[in-house]
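**Student:** Chain by chain, the residues:
Protein chains: 2
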Amino acid sequence: MAKNLTTRSEDYSKWYNELVVQADLAENSGVRGCMVIKPYGYAIWEKMQAELDRMFKETGHENAYFPLFIPKSYFSKEASHVDGFAKECAVVTHYRLKNAEDGSGIIVDPDAKLEEELIVRPTSETIIWDTYRKWVQSYRDLPLLINQWANVVRWEMRTRLFLRTAEFLWQEGHTAHATEKEAIAEAEQMMHVYADFVENYMAVPVIKGVKTESERFAGALETYCIEALMQDGKALQAGTSHFLGQNFAKAFDVKFATKEGKQEYVWATSWGVSTRLMGALVMTHSDDNGLVIPPKLAPNQVVIVPIYRNDEQFDAVSEVAKELQKELRAQGVRVKFDDRDTQKPGWKFNEYEMKGVPVRIAIGPKDLENGTFEVARRDTLSKEIISKDKIVATVVGLMDEIQTNLYTKAVSYRTNHTTEVDTYEQFKEVLEAKGGFISAHWDGTTETEEQIKNETKATIRCIPLDGKKEAGSCIITGKPSKGRVLFAKAY
Amino acid sequence: MAKNLTTRSEDYSKWYNELVVQADLAENSGVRGCMVIKPYGYAIWEKMQAELDRMFKETGHENAYFPLFIPKSYFSKEASHVDGFAKECAVVTHYRLKNAEDGSGIIVDPDAKLEEELIVRPTSETIIWDTYRKWVQSYRDLPLLINQWANVVRWEMRTRLFLRTAEFLWQEGHTAHATEKEAIAEAEQMMHVYADFVENYMAVPVIKGVKTESERFAGALETYCIEALMQDGKALQAGTSHFLGQNFAKAFDVKFATKEGKQEYVWATSWGVSTRLMGALVMTHSDDNGLVIPPKLAPNQVVIVPIYRNDEQFDAVSEVAKELQKELRAQGVRVKFDDRDTQKPGWKFNEYEMKGVPVRIAIGPKDLENGTFEVARRDTLSKEIISKDKIVATVVGLMDEIQTNLYTKAVSYRTNHTTEVDTYEQFKEVLEAKGGFISAHWDGTTETEEQIKNETKATIRCIPLDGKKEAGSCIITGKPSKGRVLFAKAY
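These protein sequence lines map, in sequence, to chains A and B.
When you number the first sequence by the UniProt record's numbering, it's gap-free, plus one each residue, and the end is 491.
When you number the second sequence by the UniProt record's numbering, it's gap-free, plus one each residue, and the end is 491.
Read the hints as simulated data drawn from the structure, not as lab findings.
Incorrect hints may have been included.
No copy is singled out in the list; a pair is fine if it fits within one copy or between any two copies.
[As the list claims (entries may be wrong)] Below, a list of computed lysine to aspartate or glutamate pairs in the DMTMM-like style, where the Cα atoms sit at most 20 Å apart:
(1) K47 / E62
(2) K87 / E101
(3) K57 / E46
(4) K77 / E101
(5) K388 / E425
(6) K322 / E374
(7) K344 / D141
(8) K98 / E115
(9) K87 / E116
(10) K234 / E18
(11) K134 / E27
(12) K259 / E182
(13) K47 / E58
(14) K326 / E58
(15) K453 / D287
(16) K326 / E199
(17) K87 / E156
(18) K336 / E58
(19) K457 / E264
(20) K344 / E180
(21) K383 / E351
(22) K134 / E351
(23) K87 / D109
(24) K259 / D341
(25) K98 / E88
(26) K457 / E222
(27) K479 / E420
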């Protein structure tokens, strides 16, 4: 594998695009805006899915599956929802192809037009709430705690692998509750679950907060979010959890009989994370040599590369490598022994560096003589010679150490790129000079938010939940604010 | 839960439709032909997925993900393939909605017409082989062993839950090989993997065979299949694996450099099973009281129901129940303790009978006195009193016993419903009287096959791989045959 990756300082955006392809995570397909997730990228996504799915189940949720298609009339029932998604909907209008009569090839059969057009789901609130009407009659049927793993389509005009694609994979939770309080508690809980996953598995620190009104999900009364900071100083929304009030229950007439026998509308939440998380993972940890994957999500945590000049050496090295692989696997470490004879060790070193495998172990004839292994860490690019009696403990220990180091580095980067400012001058200076999160007072109006966005491209990422509630004056209008909010340019 | 299930003998088809809904597996949605897979149904599907996915990985396959949409021009590249699927394609023609100018509501924006229509994938050979062209250059890139878990859409006019739906979930394997021999070996291997799963996890015996030319997948040179027999004497195709020759490689120009430096087309296979397996599972084992789920796929293998008249009794019973739950879980048994006070024991008994939970344990005050448990098997509907010292071993043993019993029963049903006939008269008599598989001589022509199909609705399910290769005469034309083939009416 040739090292021809653009560096981050040269062109961060180009570095990202090249890296995703060169590390075999994903590539563009022949279909505008739709990506192919390659086996290596999908293996990481599967690890993410497995952990998230476990967390959802531990918090009482069950999986189900709802239709890909949503009749146009359903989609239109919740007004702000359709406004939010109408401009990017893929629409199915026909259900058959046929041979053109003039022999020019295959055409859409004009006689097979659907009575009602179907929208390819951009999100499933409408089809799911149409179903919940049948599932909810009494307080005994609540809460409904359901999650779906699915593909969704939003017809984006400008797409980038993982970050913004016309089709993407995600999970969407949709819950129904008897009371407003319970629904809010659920929405908050799922924000915490997401933060737990992103911080402890992806090693990406996040700020928990709520969105301003203009940044809320179409149809939500409150949008909880987790915001991460990428290495170019731009923020990335890593997950959202919405308190939907009774909007969808009213649009789809979902009522329940209370214990007292009254009919009331149900309270709702929805929450989701997507393959966009892959983009956050890549952009938080990776470097100019390639990917850096945290051990908890690495398909291979350790790769063993044999060094040899002849068959005899290969056999001797292989024996030790296989024994080590066995011992590490017994400790729950995912180890690959790359014994391919089609590639040289140097090529393999580059390949695994590009693919971000946390630990690389090389074994050569010298090591056999000395009873040692060469252990290289991907995160620090450092190498060490480890003796046979310490190798298993060292590698097992490195799993935690690397995971922690990546998280600590990311926290430190964020700390260095979070700035409190008290004037709009400072705001613009900091944004220009180093980006990152800017903590500033805001008067709470959409007008001010819009002005800042138009003039600087920075948006309010969130009103942090654990932010200081100090009094202050808006950096634009000087009007009183209730506390600082976080601005940043964002993906 | 009221017992109002139509019996199998009254109306098998109605029994199936009611059962799927009453047991909370799935229901029809507001979208024509598309189903909602409910949490209980999805939990069973997840167990199937997990086992299949493990088997695919153990045989060297990796997962990946390809676009939902296929440009019409790709789709048309392999002639027999497009012929096979053109009549049932959902077609995306537009990418935006807007408010109608006359205020009549939301309409499809006529200005947002796609330059080229997109087909919602009915199967992914074309988009995948368009991608493989980029992935395959040399023999070193082969074999490519890839699987995808996805939703697909085939616009069926008459649909039934799980058995035939416009959208369904499935996995589709797509492999590329350097030689014809390897590709055929792969296609055969996957048929065996499917048979292994269906027999050992679903407890459904299958016949392995190949399809006749007219029943092959559109674009295949050979279709391997596994065929199961349902309780109404109709066959169900449970999985197929296709040897595709070089058809798709030629259509999409996928060539590789051999070791000798020659350019050759790649050899292909594809193979899939779908949520249709859920239908096979239901129809093979279930009875007039509801579902019967084999232990290996049951989300809950055991349910414990407490019997009590007051809080004191409840507490005492609960303590024993929780202890048992813990002990059984330690043995790897999936146990639910249903301590809901909103439902009576009788209601719970009916519910778990309907849902096919393999073992039900009841504990009441009498049991506490005697140190016993009442253990009920769902498969035999028998009950037994088991003492405390034997309960764990008994229940653990029942898991295997029930799994084996279900399989044995299904084999026995199939044996009793497989008939050898030597005349067309006999053929029609048997088909009418008891259905099932009919083993008969056939002259190998599509004309004869068509005639039998038109006259009796029976099709050739497969040419069994381990069928007797005896000589004989076709039951229709009297011409020589090379061996018996299996006929049946089929789902």
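**Student:** Give a verdict on every hint.
**Tutor:** Here's how the hints hold up against the structure:
Taking the shortest alpha-carbon separations for K47 and E62, both the intra-copy value of 19 Å and the inter-copy value of 13 Å come in at or below 20 Å. For a Cα distance limit of 20 Å, the shortest separation of K87 from E101 across copies, 15 Å, qualifies, whereas the shortest one inside one copy, 35 Å, does not. Proximity of K57 to E46 under the C-alpha cut-off of 20 Å is found in both arrangements, the shortest distances being 16 Å within a copy and 13 Å between copies. Taking CA atoms no more than 20 Å apart as the test, K77 paired with E101 passes between copies only; the shortest distance there is 18 Å, against 40 Å inside one copy.
In the homo-oligomer, the alpha carbons of K388 and E425 never lie at most 20 Å apart, since the shortest distance is 60 Å inside one protomer and 78 Å across protomers. In this homomeric assembly, K322 and E374 come within 20 Å of each other (Cα to Cα) only inside a single copy, at 15 Å, whereas the closest approach across copies is 51 Å. Proximity of K344 and D141 under a CA criterion of 20 Å is satisfied inter-copy only: 16 Å between copies versus 62 Å inside one chain copy. In this homomeric assembly, K98 and E115 come within 20 Å of each other (Cα to Cα) both inside a single copy, at 19 Å, and across copies, at 18 Å.
For the homomeric pair K87 and E116, the shortest alpha-carbon distances inside one copy (18 Å) and between copies (19 Å) are both at most 20 Å. Taking the closest pair of Cα atoms, K234 and E18 come within 20 Å of each other only inside a single copy of the chain (19 Å); across copies the shortest separation is 54 Å, beyond that limit. In this assembly of identical chains, the alpha carbons of K134 and E27 lie at most 20 Å apart only when taken from different copies (10 Å versus 41 Å within one copy). Taking identical chains as interchangeable, the C-alpha atoms of K259 and E182 lie at most 20 Å apart only when both belong to the same chain, with a minimum of 16 Å there against 65 Å between chains.
For the identical chains of this complex, K47 and E58 are neighbours both inside a copy (17 Å) and across copies (17 Å), given an alpha-carbon limit of 20 Å. Taking CA atoms no more than 20 Å apart as the test, K326 paired with E58 passes between copies only; the shortest distance there is 17 Å, against 32 Å inside one copy. Taking the shortest alpha-carbon separations for K453 and D287, neither the intra-copy value of 30 Å nor the inter-copy value of 64 Å comes in at or below 20 Å. When the C-alpha separation of K326 and E199 is checked against a cutoff of 20 Å, the pair qualifies neither within a copy, at 30 Å, nor between copies, at 32 Å.
Proximity of K87 to E156 under the C-alpha cut-off of 20 Å is restricted to the intra-copy arrangement: shortest distance 9 Å within a copy versus 29 Å between copies. In the homo-oligomer, the alpha carbons of K336 and E58 lie at most 20 Å apart only across protomers (15 Å), although the nearest pairing inside one protomer, at 31 Å, exceeds that limit. Neither within a single protomer nor between protomers do K457 and E264 lie at most 20 Å apart by alpha-carbon distance, with minima of 43 Å and 53 Å respectively. Taking CA atoms no more than 20 Å apart as the test, K344 paired with E180 passes in neither setting, with 62 Å inside one copy and 30 Å between copies.
For the homomeric pair K383 and E351, the shortest alpha-carbon distance inside one copy (17 Å) is at most 20 Å, but the shortest distance between copies (61 Å) is not. For a Cα distance limit of 20 Å, the shortest separation of K134 from E351 across copies, 19 Å, qualifies, whereas the shortest one inside one copy, 53 Å, does not. Proximity of K87 to D109 under the C-alpha cut-off of 20 Å is restricted to the inter-copy arrangement: shortest distance 9 Å between copies versus 26 Å within a copy. Taking identical chains as interchangeable, the C-alpha atoms of K259 and D341 lie at most 20 Å apart only when they sit on different chains, with a minimum of 14 Å there against 71 Å within one chain.
Taking the shortest alpha-carbon separations for K98 and E88, only the inter-copy value of 10 Å comes in at or below 20 Å, while the best intra-copy value is 28 Å. Taking identical chains as interchangeable, the C-alpha atoms of K457 and E222 are never at most 20 Å apart, the minima being 23 Å within one chain and 58 Å between chains. For a Cα distance limit of 20 Å, the shortest separation of K479 from E420 inside one copy, 18 Å, qualifies, whereas the shortest one across copies, 91 Å, does not.
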